[in-house]
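Trainee: Residues per chain, in single letters:
There are 2 protein chains.
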Amino acid sequence: MQPIRVAINGYGNLGRAVEAAVHAAPDMELVAIFTRRDPQSLQTRFAPAVHVDQAAEYVGKVDVCALCGGSATDLTDQGPQFAALFNTVDSYDNHALIPEYFETMNQVCAQNSTVSVISTGWDPGLFSIQRLIAEAVLPQGQTTTFWGRGVSQGHSDAIRRIEGVAAGIQYTVPVEEAKASALAGNAGEMTAREKHRRECFVVAAEGADQEQIREQIVTMPNYFEPYDTTVEFISAEEMERDHARMPHGGDVIRAGQTPQGADQSIQFTLTLGSNPQFTGAMVTATCRAVARLAAGSQSGGVSALAGAYTVFDIPPALYSPSSPEQLRKELL
Amino acid sequence: MQPIRVAINGYGNLGRAVEAAVHAAPDMELVAIFTRRDPQSLQTRFAPAVHVDQAAEYVGKVDVCALCGGSATDLTDQGPQFAALFNTVDSYDNHALIPEYFETMNQVCAQNSTVSVISTGWDPGLFSIQRLIAEAVLPQGQTTTFWGRGVSQGHSDAIRRIEGVAAGIQYTVPVEEAKASALAGNAGEMTAREKHRRECFVVAAEGADQEQIREQIVTMPNYFEPYDTTVEFISAEEMERDHARMPHGGDVIRAGQTPQGADQSIQFTLTLGSNPQFTGAMVTATCRAVARLAAGSQSGGVSALAGAYTVFDIPPALYSPSSPEQLRKELL
Numbered sequence: 001m002q003p004i005r006v007a008i009n010g011y012g013n014l015g016r017a018v019e020a021a022v023h024a025a026p027d028m029e030l031v032a033i034f035t036r037r038d039p040q041s042l043q044t045r046f047a048p049a050v051h052v053d054q055a056a057e058y059v060g061k062v063d064v065c066a067l068c069g070g071s072a073t074d075l076t077d078q079g080p081q082f083a084a085l086f087n088t089v090d091s092y093d094n095h096a097l098i099p100e101y102f103e104t105m106n107q108v109c110a111q112n113s114t115v116s117v118i119s120t121g122w123d124p125g126l127f128s129i130q131r132l133i134a135e136a137v138l139p140q141g142q143t144t145t146f147w148g149r150g151v152s153q154g155h156s157d158a159i160r161r162i163e164g165v166a167a168g169i170q171y172t173v174p175v176e177e178a179k180a181s182a183l184a185g186n187a188g189e190m191t192a193r194e195k196h197r198r199e200c201f202v203v204a205a206e207g208a209d210q211e212q213i214r215e216q217i218v219t220m221p222n223y224f225e226p227y228d229t230t231v232e233f234i235s236a237e238e239m240e241r242d243h244a245r246m247p248h249g250g251d252v253i254r255a256g257q258t259p260q261g262a263d264q265s266i267q268f269t270l271t272l273g274s275n276p277q278f279t280g281a282m283v284t285a286t287c288r289a290v291a292r293l294a295a296g297s298q299s300g301g302v303s304a305l306a307g308a309y310t311v312f313d314i315p316p317a318l319y320s321p322s323s324p325e326q327l328r329k330e331l332l
Numbered sequence: 001m002q003p004i005r006v007a008i009n010g011y012g013n014l015g016r017a018v019e020a021a022v023h024a025a026p027d028m029e030l031v032a033i034f035t036r037r038d039p040q041s042l043q044t045r046f047a048p049a050v051h052v053d054q055a056a057e058y059v060g061k062v063d064v065c066a067l068c069g070g071s072a073t074d075l076t077d078q079g080p081q082f083a084a085l086f087n088t089v090d091s092y093d094n095h096a097l098i099p100e101y102f103e104t105m106n107q108v109c110a111q112n113s114t115v116s117v118i119s120t121g122w123d124p125g126l127f128s129i130q131r132l133i134a135e136a137v138l139p140q141g142q143t144t145t146f147w148g149r150g151v152s153q154g155h156s157d158a159i160r161r162i163e164g165v166a167a168g169i170q171y172t173v174p175v176e177e178a179k180a181s182a183l184a185g186n187a188g189e190m191t192a193r194e195k196h197r198r199e200c201f202v203v204a205a206e207g208a209d210q211e212q213i214r215e216q217i218v219t220m221p222n223y224f225e226p227y228d229t230t231v232e233f234i235s236a237e238e239m240e241r242d243h244a245r246m247p248h249g250g251d252v253i254r255a256g257q258t259p260q261g262a263d264q265s266i267q268f269t270l271t272l273g274s275n276p277q278f279t280g281a282m283v284t285a286t287c288r289a290v291a292r293l294a295a296g297s298q299s300g301g302v303s304a305l306a307g308a309y310t311v312f313d314i315p316p317a318l319y320s321p322s323s324p325e326q327l328r329k330e331l332l
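First to last, the protein sequences are chains A and B.
Numbering follows the working numbering, with no gaps: position 221 of the first sequence is 221.
Numbering follows the working numbering, with no gaps: position 225 of the second sequence is 225.
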């Protein structure tokens, strides 16, 4: 078997995680890491850094490109740009705009005979798969998603924009009682406040009024006001020592009844020591699936057509380097 | 859209559960329930009972047949027999013999241009999907499956074969500390005894020696001796009142590290008020997937060839009655 030749676009936390996961995969080979920065300035580990303007030179040398752009803004440009050249995988996570992004990618792929899987990772991604299957098996029921305990980038940014804040980080924390309610099938009535609370850790600038910062945080509309929010002031040293990792995770819970009346519940829980590392691991497994789909790999008699897809369209076997025979023998 | 035309073979607990789930599905229609018994003797709810000898008359009128034979012995005969006539779905669960059963079914399907998905349900089935994806995302790690609290038919049968036992039931119970160990990545060293314990409830025949029954149970090799086993004697009324439902469930846990070193864990938990009802719900969702696969339904540009498949080969979207657009908008 030829190894799957992978390129990466973007070398932030996610790009580094994909680099490490591809390197560790027995059936993959890392070809290049594309960057907008000066390639000389990048300390890549397992493949050369290449300026993004030279990406087109890699057509025919790359089976799939993992798009690790740092934000939704990056991907809306880079997705179509790269899908015109390569099969791609991305973790586009702006839920409201996914249908629009899908249409754009689908057109570009169709025009360029490429295959792209958008919005993989854990949410969207693994959580989406769980929501779909749980709902299909238990059509009569209710699905609730909890996030955390983990860092929310958007909420952390909101804190950092407040005057007098030198550094800040926000953890979204699911309320344990709410999980129990969801499992018991009583999630319907829960408010945002009942489901999650918000923990903020702030380094105040010298001379800043802590009470005023706290007040500005907890009353901030949409971000913090609808939640029980705690604010703790810490030192710059504590921030660096205790809050540099990016843990996250969460739960998808579906509780319902089968038609003959029995109560049934399904729960999927992730406890992640590092959000970007885990997302990178799922992006990497999805790269394997896309390379096989695009190559017309036959699992379930599947062959792929050019276009955009999501994790909903991927037979699970394609994520694994094991053969169908091994999978049936060892994991079924 | 034409409804998916479903038949059922076998009318035990599982057949009844599939009957109810197909009836509740908006996109399915129940055509017939095949039985080896006198069809007149069956009180079916949503479709006529038909003697199994007449099944061949339904070729062309059925898109998929759910094989609900009550045991592995039934399915090894009925699987090939029905796969020669219809697309089929079954819940074949003899793990050790799955590769052999797969080969037989694959040949029959290829010869008869049918599509069969074997071994769906929750284990094998949903648990298998979780094991595969978790391992693909976290190749460095360890997967542990816990079962229960739930009734084990095999262990209950073993109790009932003991002289002096009028009725008996056995619950497999996972040890909570063992789950915690598995989540912490320390499952490697655990013995059978450390992972599960066994709770037996027995109705003793009049005049039977309870102490002797208890001794025979707890010392029974393979079944009970390797476990901490408790035996409680109850009345026939208690047996009927408290142990008629068939709850079950369990956990698939994978704990490991991403290549950059962070600890990550994935846990999938089912808490089932009724094992056959839930299995029937998953069999029904799989019938939908098979009917679409066989019809060349295109999700992910997928079209099916005749042959045998497993849940590993099924794109999740095919389980759901919703359109790809709806799924992307609502569940991604």
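Just so you know, the hints here were simulated from the structure itself, not pulled from any lab data.
Check the hints yourself; a few may be wrong.
Identical chains blur together in the list; that is why a pair holds if it fits in one copy or across any two.
Said to hold, decoys possible - Derived DMTMM-like pairs (lysine to aspartate or glutamate); straight-line CA-CA distance at most 20 Å:
| id | residue 1 | residue 2 |
| --- | --- | --- |
| 1 | 329 | 100 |
| 2 | 329 | 206 |
| 3 | 329 | 211 |
| 4 | 179 | 194 |
| 5 | 61 | 29 |
| 6 | 329 | 93 |
| 7 | 61 | 177 |
| 8 | 329 | 103 |
| 9 | 179 | 199 |
Trainee: If a hint holds in the structure, say so; if it does not, say that too.
Mentor: Hint check results:
no.	hint	verdict
1	329 - 100	between (41 Å within a copy, 10 Å between copies)
2	329 - 206	neither (63 Å within a copy, 46 Å between copies)
3	329 - 211	neither (62 Å within a copy, 42 Å between copies)
4	179 - 194	within (10 Å within a copy, 28 Å between copies)
5	61 - 29	within (11 Å within a copy, 50 Å between copies)
6	329 - 93	between (35 Å within a copy, 12 Å between copies)
7	61 - 177	neither (52 Å within a copy, 50 Å between copies)
8	329 - 103	between (39 Å within a copy, 12 Å between copies)
9	179 - 199	within (18 Å within a copy, 28 Å between copies)
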